[in-house]
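Q: Residues per chain are reported as follows:
Protein chains: 2
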Amino acid sequence: MNEYKYIGKPVRRIDGQAKVTGRAVYSDDVILPRTLHAKVLHARQSHAKILLLDTEQAKAYPGVAAVYTAKDIARNDKYFRMGDTKDTWVLAEEYVRYIGDMVAIVVAESEEIAEAALRLIKVEYEPLPVVSSLQQAKEAKDLTRCDKPGNVAMPIVVERGDVEKDFAQAAVVAGGTYTFPSLHQVHLEPNSATAVYNMGKLAVYCASQMWFHIREDISAVTGIAEKDIEIKPMMIGGAFGARNDQPLPVITALLAVMLKATVKMTNTRLEEFLACRPALGMEIETWIAADAEGNFLSKKTKLLSGFGAYSSDGDAVTAIACFRGDNNYRFRSTYVNGTGLYLNHAPTGAYRGFGNPQMHFALEQAIDELAVKLNMDPTELRLKNFMHNHETSIHGFRYETNGIRECMAQAKELMGWDEKRKNKTPGKGIGVAALIHCSGSRAGKPEFAGSSALLRLESSGALTVLIGESEIGQGMNTVCTQIVAEELGVDPLSVNVVMGDTSLTPFSTGTNGSKLTSNLGIAILFACKDLKKQMSDCLRERWGIGPVEIKNGAAYGEYTGEKIMSFDEAAVKCSHAFNGRPFYGVGIFEPKTDLGDATGYGNLAPAYPFGVQMAEVTVHDNGTFTVDKIVSVHDIGKTINSQMAMGQVYGGVLQGMAGVTLESLAINKEGIYQANTLLEYKPPTFLEMPEIVGSFVETIDPYGPYGAKCIAEPPIIAVAPAVANALYDAVGIRFEEAPITPAIFRKKLLEKQRENQRQNQPEKLPENQGQQRTNPKEAGS
Amino acid sequence: MNEYKYIGKPVRRIDGQAKVTGRAVYSDDVILPRTLHAKVLHARQSHAKILLLDTEQAKAYPGVAAVYTAKDIARNDKYFRMGDTKDTWVLAEEYVRYIGDMVAIVVAESEEIAEAALRLIKVEYEPLPVVSSLQQAKEAKDLTRCDKPGNVAMPIVVERGDVEKDFAQAAVVAGGTYTFPSLHQVHLEPNSATAVYNMGKLAVYCASQMWFHIREDISAVTGIAEKDIEIKPMMIGGAFGARNDQPLPVITALLAVMLKATVKMTNTRLEEFLACRPALGMEIETWIAADAEGNFLSKKTKLLSGFGAYSSDGDAVTAIACFRGDNNYRFRSTYVNGTGLYLNHAPTGAYRGFGNPQMHFALEQAIDELAVKLNMDPTELRLKNFMHNHETSIHGFRYETNGIRECMAQAKELMGWDEKRKNKTPGKGIGVAALIHCSGSRAGKPEFAGSSALLRLESSGALTVLIGESEIGQGMNTVCTQIVAEELGVDPLSVNVVMGDTSLTPFSTGTNGSKLTSNLGIAILFACKDLKKQMSDCLRERWGIGPVEIKNGAAYGEYTGEKIMSFDEAAVKCSHAFNGRPFYGVGIFEPKTDLGDATGYGNLAPAYPFGVQMAEVTVHDNGTFTVDKIVSVHDIGKTINSQMAMGQVYGGVLQGMAGVTLESLAINKEGIYQANTLLEYKPPTFLEMPEIVGSFVETIDPYGPYGAKCIAEPPIIAVAPAVANALYDAVGIRFEEAPITPAIFRKKLLEKQRENQRQNQPEKLPENQGQQRTNPKEAGS
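Chains A and B are the protein sequences, given in the same order.
For the first sequence, the positions run -10 to 770 when our numbering is used.
For the second sequence, the positions run -10 to 770 when our numbering is used.
By construction, these hints were calculated from the structure, which means they are not laboratory data.
Quantities reported herein were computed from a predicted structural model and do not represent experimental measurements.
Hints may be right or wrong, so weigh each one.
Which copy is meant is left open, because identical chains are indistinguishable; a pair holds if it fits in one copy or across any two.
Computed cross-link-like contacts, EDC-like style, restricted to lysine to aspartate or glutamate with a CA-CA straight-line distance of at most 16 Å [stated by the list, open to error]:
1. 671 to 610
2. 221 to 490
3. 413 to 66
4. 249 to 558
5. 60 to 43
6. 737 to 153
7. 67 to 148
8. 373 to 83
9. 130 to 586
10. 249 to 4
11. 411 to 369
12. 518 to 76
13. 522 to 677
14. 130 to 407
15. 111 to 260
16. 137 to 490
17. 737 to 128
18. 190 to 4
19. 48 to 380
20. 137 to 61
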């Protein structure tokens, strides 16, 4: 595996220095002449009818350029084009439906003036019943919005095989109802955008995962043709799915058009919580049927997902939750009934894993429960049922490489699984969960299934990769330089990367689905090969040199193998042959995948990553627990950048930890967020970080670049069930609801103890449960 | 001529709205995080040895990041690569040689801190003799710089034909010695640059006429390879040649590299006067020999040009002055002896016309004098001697189109020349001067003779022209949109133009020599044709549609002529055929021109513009004069944008007026500028503006786009001699020295009157001289 010079190595991030020295230019750093500033009036009511909305005083405030409400916006109902539900507006019309719903916008000479004027807007509301939970939404006695009777945003019902028959034949059935909260992506950089209108054209400086997609959104709302809109990409301070569907740049662009001006808007942290697109909370009832030997037969699932008051990416996220996890195991049949429900909560959307962590929280606990019932080692039960390579899964996934068994073997080794199961330490527990994800999946645009890349060679020898995707912190820009450096033999630091200016790059469906390395990487590889061929052709046809092979930073005689000239000399010669024009190597990767049939059946991704995550926990005498260690082993196909891949594992595990132990964006019965500042909604810091042991299985996928699949999303996916299973191992309690906060943990622990005492069996704990440690020192304190 | 939809029309400037609303982003508008600010210590001595340079106090000043002097700069002698003389340094080493010479640089957290620290630098000088005039430099008793004995920066001596023989055969000889001052280009926007160093790479935000050239300069001084430097083009507030050779961006880039930081520097107006590259002042002795019928035989010229203390573009400017003007007339022989001389003055370089206005001031007055001696109408004398079409001039220019006779006819008509010569009004005078220039000329890079353009078609239908030249106010960006609109039938406002990001565009030798419309215009035309062919091929090969012709914003059946689909639909289809990748139409124009032999002989330009300019003046009783009217008629080949072309005429004439009536950047005997603020160095305003009557002769050049040649430089070239000739017509005095300020005019007028009185012939004035008006009313006041 040591054949590569740059691939698989810890090549330095090309944006690292700018970021750590504070010189990176984020959207809010954009300062343009004569800029107007906008602030939004967000609803303070969860559900209410607007009785009065009086902006006169605000309009009269000195320095205010405009105050807009829904009636001022010609295309108020064109927001967003995303999803088919078309149930969202730019500004609230008759009703507000969540705390944060947008009611009015002030544009002024400064942010301070805009804020002052906001306070002069008079709004009167007639409160309406609030739908705050999935069960309440499902009952549909109260409506989240009066235009949606039943509160149903989307239904999915799919059965493959004969589920009832398989359940009837089952020796064991295990499962339950598992609840996963709505989570906020909490990227460190709040949304900010600056939009410049000029003679019918629009330039929008912002951060996005999907430059071309946001251009569509902006076009829909402003009525400006896409070809007249340029999205100017700024450095991005995190995304994690939250920058798939972004109200802020769209509204900023609209204001620039309405005022024929330059307009800037930047969210505060509170506005990030109120008016963005957090993840869907879900309630998942799932049951697995197996025969007496532990062979899985069937699975049935009822899933409720919380869409918030309007639809964003909820439909796609819910679909992933319904189908993805099943593909990791051999099932004869499966049934899923998924319902997206409107809640008086912010619209929900994409978050790392895209519905898959929610389902894995349910599925991997149900399997754990099944192992308990079968009295099997949960790793053995999984190994028995994992899919094999070249098999086709129940939903149509076909695996060219499947390293799940190697992942399990490594994870067991790294955790000391067998030893720890054999010699249990009181107060300690270990848990396992497996995962499957995808390296991209066919997006909604059938005509753009893959990725395209251009590699520009300029007369100075400068190489520039032009791609339409985003660098969202994952390090794709550095990966681009590694691939070009590997193929051409140049220094990776000398390769330029332009990611996402819609006027400069190829079209792209964006940065999502962990697809960049696998899909875009191949496109870049193709672009390198194309450029090398063009250079070789030019040297032969125009200069009578060669045939040559371009490699190792030089042109070598194809037959002699002798070095003829350096890469830079060859670049100058080629460019001079055409009067200094640049060359464009073109790389297009169109994966041979299906779009999926009406039931979602099909081979959606060019490759599938697998993984096994294990957790070790300690339960303390004071009724708290800590996660001591997470082992995270991933079938990555091939590691492209060893340091950045491990960074993805650390980040993903930490975010997984957050979901299972700390975070929840739930609303209470009044529709008020229980947490919407970083004091209350606590992302994990180094203090909450367990020991993380990451490792990779390199299966060398035949389609990926150098065999790579992906690593972006997987590390978040199975952390929560691994922790929950470890806690079960420690205390014999199924934590079916996340997050498992200290309060909840303590409460359940006390309930359990009380129950045990009621049964007069204080010492008899369930199997697999560790003993509570009694530390004499601590007891005395 | 009305066959075009957009060509020749007053299509709106695409940058107009941004400029007039103050929203255009100029270099000084660039505000980046964590920027350091630099200020230069300029010498206050014209010529001195540096005895002491103590920066310790400045270095210790709080907030100062660094203070640099010459010894800190590793590649201090690599500045500039321009010209072969290699006689310039980044910072002065042992000596300072003009007021403004750069001695030290402070980099600090703010501009204010940098300025405060500058004042703490101690410098002691030993004054040396100052060379302040061309005659003094020529005598070479004093040296401008001790390393250049003789003060000679460059010599040119060329003779074609037998000049002595032709002069011996002449019936009439006329001429004299004419002096034209050094002028400052005074673009409204001062130089500003921000340079960002990041991991071995450099991005420089600045304004330049030559993006790729300044990249070379920066590479030479910083040692960073060109391929690792990106020049980010900003909106440019005027250039006029001053942005060919720019110390400021180069130094800013160097500081960013030395400090591994982001550094910004912005000139004050005073610094613009002190440390930029104004035009060369010249002293030109020229004589023309003619036969008795007025047929020109020969010309001989001795030319001294003022280089300043170091060399910039002086050699090229001096060469143009030596050769260009001769080509407008039929000569049997010509001799030129040109000498570039060092002066203790700022280094001099390019200014609109590039040496040609200086020579025209001499040549066209000498011809006027010849007409006096021959007692011929000066328009007739010129018409007799103008070159004809398809002739080759004495220096090797070959004319495909030459509209000089039509220009003369139109100018006479617009001035009412014949009528005014017949019926002379006392106190009034009219003058004529003809001009020739070029539409580009082969630059120093033989391998890049022409221009290249890319036309990018994106899946949305967006069209983007990518070119390496600069928009310096001349309106080339708008011309790009007109050509694309004309060729493809789309709205010009929908065409995007990227001018000059070195990481994005083709290589270019820059914006100079009035070459953009003629050379680049063709390249864009070719790019349009290439794109249309690619689209047609794609539709046929990938979609089975066509063959089609792309025109009028749609695809038409090539045989049927029927509209098959809109341009945007065709764009989407083509892009979808290749997974959304953009198409690049490539246009390369390589003019069939010569590089010139060692004597400068050759056909240097693809086309040559001609023109005739006339002035009408009034001499007032109080001894002042006003220029009432300038007629400016130009063989433009073909007008591309009627409004912008006329704008070029207005601007050029006004700058020509400035040179002949207002401006001079002369130094006195102490080497001190007589004017270096906008109060003392007065550019003309609307108050000084005469009536300007512009007109165009469309000769439809076979090589230019739609027949276009150029209009950028010509309108400045012959204004000064036309005004001088008109003054001669009015008062019988040859003003051989420009500028003809009120003081000089009055002095010469009084001298003339006194001489007339001495000769006791108070009423007998020279022929062609208007009477001084005696207005009873004014006489009484």
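Q: Does each hint hold? Answer for all of them.
A: Hint check:
no.: 1; hint: 671 to 610; result: neither (24 Å within a copy, 87 Å between copies)
no.: 2; hint: 221 to 490; result: both (5 Å within a copy, 14 Å between copies)
no.: 3; hint: 413 to 66; result: neither (60 Å within a copy, 75 Å between copies)
no.: 4; hint: 249 to 558; result: neither (48 Å within a copy, 28 Å between copies)
no.: 5; hint: 60 to 43; result: within (12 Å within a copy, 68 Å between copies)
no.: 6; hint: 737 to 153; result: neither (34 Å within a copy, 115 Å between copies)
no.: 7; hint: 67 to 148; result: neither (35 Å within a copy, 75 Å between copies)
no.: 8; hint: 373 to 83; result: neither (56 Å within a copy, 84 Å between copies)
no.: 9; hint: 130 to 586; result: neither (35 Å within a copy, 93 Å between copies)
no.: 10; hint: 249 to 4; result: between (34 Å within a copy, 14 Å between copies)
no.: 11; hint: 411 to 369; result: within (14 Å within a copy, 115 Å between copies)
no.: 12; hint: 518 to 76; result: neither (46 Å within a copy, 45 Å between copies)
no.: 13; hint: 522 to 677; result: neither (52 Å within a copy, 61 Å between copies)
no.: 14; hint: 130 to 407; result: neither (51 Å within a copy, 98 Å between copies)
no.: 15; hint: 111 to 260; result: neither (20 Å within a copy, 54 Å between copies)
no.: 16; hint: 137 to 490; result: neither (39 Å within a copy, 51 Å between copies)
no.: 17; hint: 737 to 128; result: neither (27 Å within a copy, 103 Å between copies)
no.: 18; hint: 190 to 4; result: between (30 Å within a copy, 11 Å between copies)
no.: 19; hint: 48 to 380; result: neither (65 Å within a copy, 71 Å between copies)
no.: 20; hint: 137 to 61; result: neither (25 Å within a copy, 73 Å between copies)
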